[in-house]
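Protein chains: 6
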Amino acid sequence: MVKGIAHYEVGQQVDTHLLIKASTKGIASNGKAFLTLILQDQTGEIEAKLWDASQDDEVTYSSQTIVKVIGDIHHYRGRNQLKLRNIRPVQEDDNVKIADFLETAPVAKEDMHKKITQYIFEMKNSNIQRITRYLLKKYGTDFLEYPAATKNHHEFISGLAYHVVSMLDLAKAVSTLYPSLNKDLLYSGIILHDLGKVIELSGPIGTTYTVEGNLIGHISIIVNEIGKAAEHLEIEGEEVIVLQHLVLSHHGKAEWGSPKPPMIKEAEILHYIDNLDAKMNMLDRALEHVKPGEFSERIFPLDNRSFYKPAFLK
Amino acid sequence: MVKGIAHYEVGQQVDTHLLIKASTKGIASNGKAFLTLILQDQTGEIEAKLWDASQDDEVTYSSQTIVKVIGDIHHYRGRNQLKLRNIRPVQEDDNVKIADFLETAPVAKEDMHKKITQYIFEMKNSNIQRITRYLLKKYGTDFLEYPAATKNHHEFISGLAYHVVSMLDLAKAVSTLYPSLNKDLLYSGIILHDLGKVIELSGPIGTTYTVEGNLIGHISIIVNEIGKAAEHLEIEGEEVIVLQHLVLSHHGKAEWGSPKPPMIKEAEILHYIDNLDAKMNMLDRALEHVKPGEFSERIFPLDNRSFYKPAFLK
Amino acid sequence: MVKGIAHYEVGQQVDTHLLIKASTKGIASNGKAFLTLILQDQTGEIEAKLWDASQDDEVTYSSQTIVKVIGDIHHYRGRNQLKLRNIRPVQEDDNVKIADFLETAPVAKEDMHKKITQYIFEMKNSNIQRITRYLLKKYGTDFLEYPAATKNHHEFISGLAYHVVSMLDLAKAVSTLYPSLNKDLLYSGIILHDLGKVIELSGPIGTTYTVEGNLIGHISIIVNEIGKAAEHLEIEGEEVIVLQHLVLSHHGKAEWGSPKPPMIKEAEILHYIDNLDAKMNMLDRALEHVKPGEFSERIFPLDNRSFYKPAFLK
Amino acid sequence: MVKGIAHYEVGQQVDTHLLIKASTKGIASNGKAFLTLILQDQTGEIEAKLWDASQDDEVTYSSQTIVKVIGDIHHYRGRNQLKLRNIRPVQEDDNVKIADFLETAPVAKEDMHKKITQYIFEMKNSNIQRITRYLLKKYGTDFLEYPAATKNHHEFISGLAYHVVSMLDLAKAVSTLYPSLNKDLLYSGIILHDLGKVIELSGPIGTTYTVEGNLIGHISIIVNEIGKAAEHLEIEGEEVIVLQHLVLSHHGKAEWGSPKPPMIKEAEILHYIDNLDAKMNMLDRALEHVKPGEFSERIFPLDNRSFYKPAFLK
Amino acid sequence: MVKGIAHYEVGQQVDTHLLIKASTKGIASNGKAFLTLILQDQTGEIEAKLWDASQDDEVTYSSQTIVKVIGDIHHYRGRNQLKLRNIRPVQEDDNVKIADFLETAPVAKEDMHKKITQYIFEMKNSNIQRITRYLLKKYGTDFLEYPAATKNHHEFISGLAYHVVSMLDLAKAVSTLYPSLNKDLLYSGIILHDLGKVIELSGPIGTTYTVEGNLIGHISIIVNEIGKAAEHLEIEGEEVIVLQHLVLSHHGKAEWGSPKPPMIKEAEILHYIDNLDAKMNMLDRALEHVKPGEFSERIFPLDNRSFYKPAFLK
Amino acid sequence: MVKGIAHYEVGQQVDTHLLIKASTKGIASNGKAFLTLILQDQTGEIEAKLWDASQDDEVTYSSQTIVKVIGDIHHYRGRNQLKLRNIRPVQEDDNVKIADFLETAPVAKEDMHKKITQYIFEMKNSNIQRITRYLLKKYGTDFLEYPAATKNHHEFISGLAYHVVSMLDLAKAVSTLYPSLNKDLLYSGIILHDLGKVIELSGPIGTTYTVEGNLIGHISIIVNEIGKAAEHLEIEGEEVIVLQHLVLSHHGKAEWGSPKPPMIKEAEILHYIDNLDAKMNMLDRALEHVKPGEFSERIFPLDNRSFYKPAFLK
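Residue numbers (the working numbering), protein chains in the order written: chain A, 1 to 314; chain B, 1 to 314; chain C, 1 to 314; chain D, 1 to 314; chain E, 1 to 314; chain F, 1 to 314.
Looking at chain A on its own, in the form it has when it is part of the complex (with noise of 0.2 Å):
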């Protein structure tokens, strides 16, 4: 098998496929245009300079493109960079596609949609259950593709379910612990927490915001669904006022962008859970490369804290 990316160290060469995320056009000081490249595996993503591009070298070395490239690994700036001695697009015949070089979450999409399934089918409140099921119909397509952000936390391939299921398995242990909890309303409420992102996103590769996304924003978008899946059930309990609550206060305050905080038990703990895998998986991406007794970068969406494993942490 061949070695990820991010596992090269300075001074190493380099002789591997790799896939173009993203081509920017620059012009050097003796006036000739250059590419800034950031080539990416699974295992993560390096900087190359590709000097004196022609127009040519902008139209093959674009965006999304697999590239065969050599070269050697240096430190440039407290970062490792990719110095090119030979790149050249895939041909036919290398046999890789783009799936090979996007991460993925580490569970199938088969497998977490199984998951999903259990823990509606377990509801017992068969209002929260139908417009559970049902929007997870409507939306469970996208739903099992899409990351959970574009950055931050879950920013891969089926991040979103994968960050679903594993709060779903969280709030299961919680609800144990604590039994005062409503499970049904727990779940349906995790399941339909984040599911407006396959609106706000534009997709899971080369992810951005759409205009509905900027403008509404993925709370406000599953609080519509809601309500809309609840007039096409003919549901009218109280139980779509509390499941809008649920997603509208997830955020916890104001100015984290909900416009109510958790006036409901269970919505409380939901801003809980949801932040507890957030950060855990945040966490353990930062920490995934750090060596006992050292640092890591600075995580921004942490309060832009930096943190240290322990050197007896072998």
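Be aware that one or more of the hints could be misleading.
Since the list can't tell identical chains apart, any single copy or any two copies may satisfy a pair.
[As the list claims (entries may be wrong)] Here are the simulated DSBU-like cross-link-like pairs (lysine-lysine), alpha carbons at most 35 Å apart as the crow flies: (1) K32 with K109; (2) K138 with K68; (3) K49 with K124; (4) K291 with K124; (5) K309 with K253; (6) K83 with K138; (7) K25 with K172; (8) K138 with K291; (9) K124 with K32; (10) K137 with K309; (11) K32 with K114; (12) K183 with K291; (13) K309 with K138; (14) K21 with K115; (15) K172 with K253; (16) K49 with K137; (17) K83 with K49; (18) K253 with K314; (19) K291 with K21; (20) K97 with K151; (21) K228 with K291; (22) K138 with K253; (23) K309 with K25.
Bear in mind the hints are in silico, worked out from the structure with no lab data behind them.
Since chain A is already given, all that's left is putting chains B, C, D, E and F on it; use the hints.
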């Protein structure tokens, strides 16, 4: 015409009908019960104590009852108080009704309805026009009677419609001076921005928050309604998202309850027009009884400031 | 079994023993002294006024005295109040003792001690294990009896140990779902994080802050104790600093009293587990007497929010 | 008529006169000097690099020089850049002057002066009228030429007067709709509110802050001027204090630079009118070149928001 | 010498003259009026209730009246209260005057005046010296009698001058240790920084804010006065702006009322010296009656902190 | 004597020895490596580029190496830059040593030690005196050599001791003017307040944070040390807690890193003295090279303000 309760001076005698707005039982240090009555007419309200209240008195003098009172105006802790000498419930031949004691917008409902209809009529974009007309029709009856809030500004009968009409007139003047503004968006945004209050609030009298008002809030309520209206009218253009955004962002900032800040020019201006009209209303009411050369009471929603009426403004 | 004071409704008659939690003298407008008594049993507390109190009464009905009372439940300013018809001090043959009136953790001290000991027993890192065991032994007696706070959450006898045991169980579940977490660190951090409260607070009954508690605070107190324990046990590894950091940072942010924010993964998660357990405790207690379809009183440490119990949660 | 620099698209060729707004020397990685030129005309500005710049070039191509350039429009880091093919200083027979390249208010100075004079003429309170007229006369020449700021809004020649005139027209509309407002106060407050900028700023071209501007600020400067004017005109009424207050408080809050918040109704409304006109100006300029269906660049003084131009606004 | 009112203990009998600082009418639950009197002498103040007060009593026992009282010290809600047994207005032959009951600076006005004059005499920059001398002369009489505030610190007769003299002595010590400081600037800034309070406040007794104080504030008032003084003295150097800046910025930050933050070294240090002296004054007064081993009451302007007097400080 | 690097003007030629403070590799647009060198002597530092750097150069010109350079001073982006014409490593007979290039406190270590010892000698409370003396002895060697910080203020050799000595002198002056202050507490608090920095920081040269510094911080480190010292010296009085509190609270507020705010008078004053000395140091250094009539660079720890040196201060 009878003098309003707000116009009495300390030492004057009162002999008039008033409406009990609130009645709260207390226990005096001699162990006997008393009632604290808030009595109102259209000009304002005053506190009175009914000492040695029997259990019958508690029932007779409860909230929303009209009474005939005789007493004197005292000064107590910076406010006027009515010292009761005589009180009795209204009698059939007193020829007064509750509406006589409630503050109401200074313009008739019918006139406001006509004016708003005219603004809708002038719209050129039929998607915006149809959604606005549909929702006004759906909630028009309540819209013309509800207050705009439980306190702070326009907290009187038909206050919601009165606030909207004032804003529309202001928007017309502003968009004449700044012709780059789109009138359709501005007018529709104004008509819809607080319409969710007919669900958020309990009604025109003794107004409180409903459960849906507390858990979802008028902003998300009306955003949902716009979505349902568009579905019902089979409108699919970007106008739907844009109108939802105008309403969604009209509180201006996340910490003021808008999950998204204004990101469209007309949304930003709508926020300003809303603010300006609300503050004019607060200021005019706070300064109404202040004499030139004196300061008003502190106005809580205006950062608890006290306002001065210059001595040369006779 | 006698009905608890929290379960009486307005209009019902009370004839029971209660403990005076606080007794404050006032002077009525007739110039005579009266006592405001806060009376409690294990279910809650209620206010009562003792009018025309003599100087003897002040002594007889002072704090921490058990009394026999007869009276009626009234409603006053949104809370129940006990209108006394008769009150006398406890008599020898009444056969009640103070402990009968104090709220206590729902798990026996011995069971909690056994559970915590087991968690320590399972630790694999002997430095962490020895420091934890040493400090638990040093302060164990008080630890098993103290509340976790003077108010807000776990403010009852053995509340501190109960909070720790709940957190340990939660930590076990969380670290099973997220196996990258180091259990030793998490368990030790939880056992020690609030242990300084046995010095910060005055004791299990009528709890107040000590001078050392006010000036130094439980966080710095226990950080010092860890340092001294390590010196005593001649442990010099990085475990000492790391344990100190876990305790030091468990309030999460400087403005919440942690001189350093969490900079180790287990410190971050400890902060979350602490928060989640404390809030579950507050929420369960606040919602205990709330009926479905109603809102709780405002809960100050939860940003003064009022929580709703959905009507369909029967 | 020549096409403005803001209207060129990538790939087009430029052959025109431009004004050097700023010229900064850099040293390229080959050790040779180069100049970064910001070139402007009335429609906007563009960056260009002059490579291998000699010491003579530094002098020839300094700030406030007109040049004749030939080159191509490139795209670089999200902005257009001019790649120079030829550059030479202006020649006598080129028949261009600096004023041709500077952005100016869309209304002539004389017309603005006339309009403001008319507003003063309509004032009824002679104290307010005399102070306003005196200060406008004292600083009128600069007032009609200065920008309203060095950046953010109305940062062009005569921008200060243009801002004031727009505000006066808006104030007239507002006070017609809310007749309780005192027009004299509002008009005078508007005319004076930013007049201190003629001392705070260095002048209409290449505008920077003066020492007095930095240390005292335009608010305190004009408050002092009002005091001196009153002394000179021997006016002693409360109007002096009230006018000073209007200017002093027009930033609205202490943290925005007003030592006192508005405490007079007209002061509060002046603050709103100032804000509304400033933001309309920012928004119109930011959206000028944005196409329907696209977002503007981020606007720093509008909380760094990016604004959307709806696709249906053709 | 008579014992001051602050030195009585609970249970002791009082028989002395006191000054009525404030007198407020209330209505008791028996319907009769009573007066709440705040009685003071130079050591402090105490509350007393005058029950069953007639309309004559309201006049006789109004603010700024000296009374002869007999009564007992009680404890009520954490504070001492005087239970009146007898009260009568002062009589001619009682031989007491208002000044006997007012707290005054511990240094004589003449001595303070002499000291400040000496500091001015030592100045070397004649522009600074002349402006300072001119303004001290213009407002000197009031300056020597006014308090420095209505509450919080130096809120006694001649408190303003006393605060300034303490700051001057501190400035002398500081500038000896840090010789880079310009003494002229520092001394003049200190003498002038709060001089506007002679216009902002109503006078030395029963001090309130004037209209000008409320609308303009002491900072802007004295900045204007410096400008007028310079004009009168025909001084045009940068000293004028710099002195204005020192005063303008002495609250340190915009949110604390300074439209500009300190931007000159001596301005920054002036802010610190002002703070240090004000806080020493608050702390000394708050701790005056606190016994070793006890905490003071909460001090609002010190972030509502309570201060501890160590037990070993006998 | 050789001219310091801070005193060269643009255009002047440099021929001197300098110490490499930092050396960072970059890759130029021609693909060749270059080094960015920060060169320093006791007066300041300057940047230089070493183009076309070989791998040998990287080793030869690494951090903490002395070099002989010849070059010219250029201006680049608002700062001076040294354009190298020649560079070579130091040679044995150059007769320079690292200490010649490092900034050091202006007072000799021995003199500072003597002065601090004298302050301890004057203490009257033997508990305070013994703890202070013990800790100074334990960490004295490092204390006299460490800087007070890695940047911002007193960031030079022996800066920590120099900061303490300046504060002691200031404390002496302050406690003379305010005799209610306890000198023992103030002096001991000052000597100990930053002593934890000898563990928090790595050493006097190329100073960074240690792991313990990052995770625990100098405040908690020294609080622990005081506890251990007291245990070692068998001191049990309240002095221990009080000294710990003084150190613990010297950052003033929770959000500035103090888990408790000052709650003892001397703690409050210690915080002020610390601030005043730190800011004087920053201001003096920032203004050192500023000419009268000009502004300094922005000073980040002083809220990013720029300070003005008045033109009349020649």
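The hints, checked one at a time:
1. K32 with K109: neither (46 Å within a copy, 47 Å between copies)
2. K138 with K68: Neither. Shortest intra-copy (40 Å) and inter-copy (61 Å) distances fail the 35 Å Cα cut-off.
3. K49 with K124: neither (58 Å within a copy, 48 Å between copies)
4. K291 with K124: Classified as between: cross-chain Cα gap 21 Å, same-chain 47 Å, threshold 35 Å.
5. K309 with K253: both (31 Å within a copy, 20 Å between copies)
6. K83 with K138: Neither: 47 Å inside a copy, 52 Å across copies.
7. K25 with K172: This pair counts as neither: shortest intra-copy Cα distance 50 Å, inter-copy 47 Å.
8. K138 with K291: between (45 Å within a copy, 34 Å between copies)
9. K124 with K32: For K124 and K32, the Cα distance exceeds 35 Å both inside one copy (67 Å) and across copies (52 Å).
10. K137 with K309: between (42 Å within a copy, 29 Å between copies)
11. K32 with K114: neither (55 Å within a copy, 55 Å between copies)
12. K183 with K291: between (40 Å within a copy, 19 Å between copies)
13. K309 with K138: Only across copies: K309 and K138 sit 30 Å apart there, 43 Å inside one copy, limit 35 Å.
14. K21 with K115: Classified as within; 32 Å inside a copy, 52 Å across copies.
15. K172 with K253: So K172 and K253 pass the 35 Å test inside a copy (25 Å) and across (29 Å) alike.
16. K49 with K137: Intra 45 Å, inter 56 Å, cutoff 35 Å: neither.
17. K83 with K49: For K83 and K49, the Cα distance is within 35 Å both inside one copy (7 Å) and across copies (21 Å).
18. K253 with K314: The answer is between: 28 Å across copies meets 35 Å, while 39 Å in one copy does not.
19. K291 with K21: both (27 Å within a copy, 27 Å between copies)
20. K97 with K151: within (23 Å within a copy, 50 Å between copies)
21. K228 with K291: between (51 Å within a copy, 29 Å between copies)
22. K138 with K253: This pair counts as both: shortest intra-copy Cα distance 29 Å, inter-copy 32 Å.
23. K309 with K25: between (38 Å within a copy, 28 Å between copies)
Consistency note: the structure conflicts with the earlier hints numbered 1, 2, 3, 6, 7, 9, 11, 16.
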